[in-house]
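So the sequences go chain by chain: A and B. Sequential numbering from 1 applies to the first sequence in the working numbering. Sequential numbering from 1 applies to the second sequence in the working numbering.
Just to be clear, a hint being listed does not mean it is correct.
Below, in silico cross-link-like pairs of lysine to aspartate or glutamate (DMTMM-like), each with a Cα-Cα straight-line distance of 20 Å or less [to be verified]:
(1) B/K268 x A/D199
(2) B/K412 x B/E431
(3) A/K124 x B/E264
(4) B/K268 x A/E198
(5) B/K242 x A/D199
(6) A/K161 x B/E392
Beyond 10 Å from chain A on every Cβ pair, some chain B residues (computed) [unchecked claim]:
(7) E86
(8) I88
(9) R124
(10) F173
(11) R191
(12) G285
(13) I413
(14) E459
(15) I560
Here chain B is said to cover these stretches of chain A; the calculated rule only asks that three of the stretch's residues, wherever they fall, bring their Cβ under 8 Å from a Cβ of chain B [as the list claims (entries may be wrong)]:
(16) 166 to 176
(17) 191 to 202
(18) 259 to 269
Hints are computed from structural coordinates only; laboratory data are not their basis. The beta-carbon is built from N, C-alpha and C at its ideal position, and this holds for glycine as well.
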Amino acid sequence: MSRRFNPQYSFGWILFFTAFFIFASPASAAHLQKVTFLPQWFPQAQFAGYYTAKEKGIYEKYGLDVTILRGGPEMPSDTMLSGRKTMFATMFLAEAVQQSSKGPRLVNIAQIVQRSGFMIVAKKSSGIQNAGDLQGKRVSLWPNFSLQPLAFFRKQNIKVKIIPQAYTLNLFLRGGVDAASAMWYNEYHSIMSAGVNEDELTTFFFNGNDFNFPEDGIYCLEETWKKNPDLVRRFARASIEGWNYAFAHPEEALNIVMKYVEEARINTSRPHQKWMLGRIKEIIVPADRGTSIGTLSEKDYMTVARELRLRGLISRIPPYEEFYAGSSGKK
Amino acid sequence: MKSFMQGAAEKNRKRGLAFKLSLFILASTTMIFLIAFGYNYGESRYLVMKNVEENAKNLALSTSHQIENVLRGVDDAPRYLASSLEYIDCSDKELLKQIEGIVKLNPDIFGSTVAFEPYSRDPRRQYFAPYYCRDMDRLKLSYLGGKGYHYPLWDWYLIPRELGAPAWSEPYFDEGGGNVVMSTYSVPFYRNGGGRRMFAGVVTADMSLDWLKETMAKVKIYRTGFAFLISRNGVFVSHPNKDMIMRESIFSVAENAGDTELREIGRKMIRGGEGFVSVPEYFTGKKAWMYYAPLPSAGWSIGVVIPGDELFADVRNLSWIVLVIGIGGFAFLFFVVTSISHKITRPLRRLAETTSEIAKGNLDVDLPCERSGDEVGELTESFENMQAALKEYIANLKEATAAKERMESELKIARTIQMSFLPKRFPPFPEKKEFDIFATLVPAREVGGDLYDFFLLDEEKLFFAIGDVSGKGVPAALFMAAAKILMKGSISRDVDIAETLARVNRELCIENEATMFLTYFCGILNFRTGELKYSNAGHNPPLLLRAGRKPEWLPLPEGIFLGVFEESPYLTYTTRLEPGDALLLYTDGVTEAMNSGEKVYTEERLYEFSGALANSHPEHMVREIVADVQHFAGDAPQSDDITMLALLYRGEQLRAGKAEGAGREKGNREGRTERGDLP
Chain A
1 MSRRFNPQYS FGWILFFTAF FIFASPASAA HLQKVTFLPQ WFPQAQFAGY
51 YTAKEKGIYE KYGLDVTILR GGPEMPSDTM LSGRKTMFAT MFLAEAVQQS
101 SKGPRLVNIA QIVQRSGFMI VAKKSSGIQN AGDLQGKRVS LWPNFSLQPL
151 AFFRKQNIKV KIIPQAYTLN LFLRGGVDAA SAMWYNEYHS IMSAGVNEDE
201 LTTFFFNGND FNFPEDGIYC LEETWKKNPD LVRRFARASI EGWNYAFAHP
251 EEALNIVMKY VEEARINTSR PHQKWMLGRI KEIIVPADRG TSIGTLSEKD
301 YMTVARELRL RGLISRIPPY EEFYAGSSGK K
Chain B
1 MKSFMQGAAE KNRKRGLAFK LSLFILASTT MIFLIAFGYN YGESRYLVMK
51 NVEENAKNLA LSTSHQIENV LRGVDDAPRY LASSLEYIDC SDKELLKQIE
101 GIVKLNPDIF GSTVAFEPYS RDPRRQYFAP YYCRDMDRLK LSYLGGKGYH
151 YPLWDWYLIP RELGAPAWSE PYFDEGGGNV VMSTYSVPFY RNGGGRRMFA
201 GVVTADMSLD WLKETMAKVK IYRTGFAFLI SRNGVFVSHP NKDMIMRESI
251 FSVAENAGDT ELREIGRKMI RGGEGFVSVP EYFTGKKAWM YYAPLPSAGW
301 SIGVVIPGDE LFADVRNLSW IVLVIGIGGF AFLFFVVTSI SHKITRPLRR
351 LAETTSEIAK GNLDVDLPCE RSGDEVGELT ESFENMQAAL KEYIANLKEA
401 TAAKERMESE LKIARTIQMS FLPKRFPPFP EKKEFDIFAT LVPAREVGGD
451 LYDFFLLDEE KLFFAIGDVS GKGVPAALFM AAAKILMKGS ISRDVDIAET
501 LARVNRELCI ENEATMFLTY FCGILNFRTG ELKYSNAGHN PPLLLRAGRK
551 PEWLPLPEGI FLGVFEESPY LTYTTRLEPG DALLLYTDGV TEAMNSGEKV
601 YTEERLYEFS GALANSHPEH MVREIVADVQ HFAGDAPQSD DITMLALLYR
651 GEQLRAGKAE GAGREKGNRE GRTERGDLP
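Bound conformation, chain A alone:
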């Protein structure tokens, strides 16, 4: 059968090619700026927004060719940034403030996680129903993340026996400690995935006014920011757009995360990543907080900085305007 020329087809093709050139040309490899980005831990849903931004071509749309590095204990963000091994990296706010005070100075280009996901989990079977019951108990704390719980215990006037917490919660699960540190989006679910029911646990969250240490933020060296503020802004915006897309399409985002997980041969399950994506959304866009993704509130900043100075971890508080790229001072 011979097909005769159909003007409709030709019109379709013209449209297609026009669209192709309009949208594809700015993203074409020649115009993309190569950047590197390091999430602070192994691939997991905690970083779903960045993977999504990469996979869905959002970074390309902003003219960026992003290489996402694989994080982990051997690749600490602070070292990687100061060693200029990566242009961008995520860090907890408290870590970043400490690092910045040591130098080289860092700039927060977007505060992604607004609420602290940090928590203390205790077994009801150890007789712990409220904060007071922690008195004298064995509590395991991550050496790097003990600021909040220590501030909490001080405020509650509780003395606990601190046990160093390892990379797993097995000590807690086997009854070696009465309470353990956990991230709501990660270890808390691991505890449940080891067969412990929620109603068997007592939880202490650190997202109240006094202890809310905002966590993951995107950082770069101050020099990077000064040299190429446009590039930095584009990376921040593209990352936020990636998060928005991930939250709007959770299944698709989950598929992307699982792809990175498989590549990194991480022993994790899809339900765990699903839980993580759900919880990370709740602390990135808290229902009761009007701020848009990426904003670092001065109040939160000061809470963290003051606690750091109190603990003697920093000697002076870096000015908010210098630290946060989104502040009026930096704009």
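Given chain A's structure and the hints, the job is docking chain B onto it.
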């Protein structure tokens, strides 16, 4: 809809015996079969389950036991070294030798270390943990701990330290060791320092769990039944699906399915429980059963899974066979029942066809001739008898009807004869004013042979008579006709009436082979003078109704009925009638008329009734009496002719008024006088 159902019900009611029989037998059989089938299926399943639980339990426990044996074999060496380290101070060289020995002598042990608390063995050294592990065929020594590996924070060190007891670690992927799943057994050891027993470090033995694959793969139950192993945290250590190992836990599988049932099973498993449970479909892709048992030393749990469909495959196969046999049996039974019921009912159907022919009136059809000794045979015989009886009855009926018709026609002839001989014109002599006469004969169904007669002998004499022939039918009619003709032929105005009777009697006696006889009363009235001569041959006495007086029975001369005795003598009596006197003649059809209560009309009733009718016109008188008799008899059939004759003497018209009173006296006197004259 309703009418359709009614129609269906109607249709069912109309179904034949064969259909009903088949339906009930087959329905009952099917029900019995289904009950037996259901019971068998349920019971078989129960037995299989019991059996399977036992099998699975044995399998789970024996596998658990096997693994336990290996684990126990591994944990002996580090235990021994840990306990010796408590008391014996040994040099680094000796220590290395000990560790090397552990790995060398225990093929199941992949690597071993003694890790000391930081700075405890040597205050200058933070980490001291010499580690021997297998590398190809040799043993390789390395020292654990360093900037990137702070072993005091790792489970294998931390957990026994904090628990103060030996422990198997959670299985982990050892990236250096060829990506095999490993688990480390760690035993803490202590030293006395400053009077206190202080934690000094751990002795470990790493074991590759690779051999578990084989051990677990050996677990075969049914076709695709399998075993899996989960750690203390519920993580799959061994599973036929490699992607599950170390990634998924029984709880993540449950969570993925959004189900709590499997989660509860998992909780029981990691707590060291043992049991037989059904596991949800999503766990293995199909409905399955599982026996789980603990591995106490490591705190792990083993599950033996049996797919439900295979579990019951035999039962299902058996059930299929039973079902097929059942269906085959049903088909066979259907065939047998249908043909038998058809065979049984075939003679019945043929009988029904034949009898419906008979019912139409065709008595000559042949009944089915094949006979059996059963009820149908009996029924056919009964029908045959009935057919014969009917035939005979109908033949008899035909004969009887013919006879009856013949008789009816004879009776008709007899009646015609009888009636044709009676004078039937009234008034018979309209020119004669001196008397009125009226007679009637109401014939019975069977002709009785009554007769009446009257005629003028001359210008002043009237002959009248009434009679009753014995017997009925044509002979009686003919006899009556003969008697009447003889009488009419023999009587003349000058001859004595008694003599005439004697002559007629003699004539009738001749050749009267039937010996029929006739009662007869007759008289001759001189209607100018009122003189009445009369004679009687055995007939009922007439009533004499004298004007203005009570009725009286007319005195009768002796005289026997006619036709039997040739020489019977008869006498003539004479009396005188006065104007207004009336004479009423009747036959025994009147006085012996019977009603349905078998009561007789009687002469007394006639006497009373006619008394009220004195002085009325003869016709009126006769009709009234006949009406009364018929009224009395009611519905009872008339058995004899009812015959009456009434004669009213008026006398001379001119004398009528004067003579009325005197005439009565005179008549009576004369009556008595005349009688005195009789011989």
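Now for the hints, and whether the structure bears them out:
1. The straight-line distance between the Cα atoms of B/K268 and A/D199 is roughly 16 Å, inside the 20 Å bound, and the hint therefore holds.
2. Of the pairs offered as hints, the one joining B/K412 and B/E431 is violated, with about 35 Å between alpha carbons and a cut-off of 20 Å exceeded.
3. A distance of roughly 19 Å separates the Cα atoms of A/K124 and B/E264; the hinted pair therefore holds under the 20 Å criterion.
4. For the given pair, B/K268 sits about 16 Å from A/E198 by alpha-carbon distance, which is consistent with the 20 Å threshold.
5. Distance hint between B/K242 and A/D199 is unfulfilled; the C-alpha atoms sit about 32 Å from each other, more than 20 Å.
6. The hinted pair formed by A/K161 and B/E392 fails the criterion: a straight-line CA distance of about 127 Å is larger than 20 Å.
7. With a closest Cβ-Cβ approach of about 21 Å to chain A, B/E86 is found to remain outside the 10 Å limit, as its non-interface label requires.
8. A cut-off of 10 Å between C-beta atoms confirms that B/I88 is not in contact with chain A; the least separation is 28 Å.
9. Against chain A, the non-interface label of B/R124 holds: every CB pair exceeds 10 Å, the least being about 22 Å.
10. Separation of B/F173 from chain A is inadequate, the least Cβ-Cβ distance of about 7 Å not exceeding the 10 Å criterion.
11. Non-interface call for B/R191 relative to chain A: holds, since the shortest CB-CB distance, roughly 21 Å, exceeds 10 Å.
12. Every Cβ of chain A is farther than 10 Å from the Cβ of B/G285; the closest lies at roughly 17 Å, confirming the non-interface assignment.
13. Remark: the non-interface label on B/I413 is consistent with the geometry, its nearest Cβ contact in chain A lying 115 Å away (cut-off 10 Å).
14. The beta carbon of B/E459 is kept farther than 10 Å from every beta carbon of chain A, the shortest such distance being approximately 145 Å.
15. Non-interface call for B/I560 relative to chain A: holds, since the shortest CB-CB distance, roughly 141 Å, exceeds 10 Å.
16. Restraint check on the segment 166 to 176 of chain A versus chain B: 9 residues with Cβ-Cβ distances below 8 Å, three needed, restraint holds.
17. Only residues whose beta carbon comes within less than 8 Å of a beta carbon in chain B count, and the segment 191 to 202 of chain A has 5; three or more means the coverage holds.
18. For a cut-off of 8 Å, the count of residues in the segment 259 to 269 of chain A with a CB near a CB of chain B stands at 4, and the three-residue condition holds.
Checked against the numbered hints above, the structure breaks hints 2, 5, 6 and 10 and satisfies the rest.
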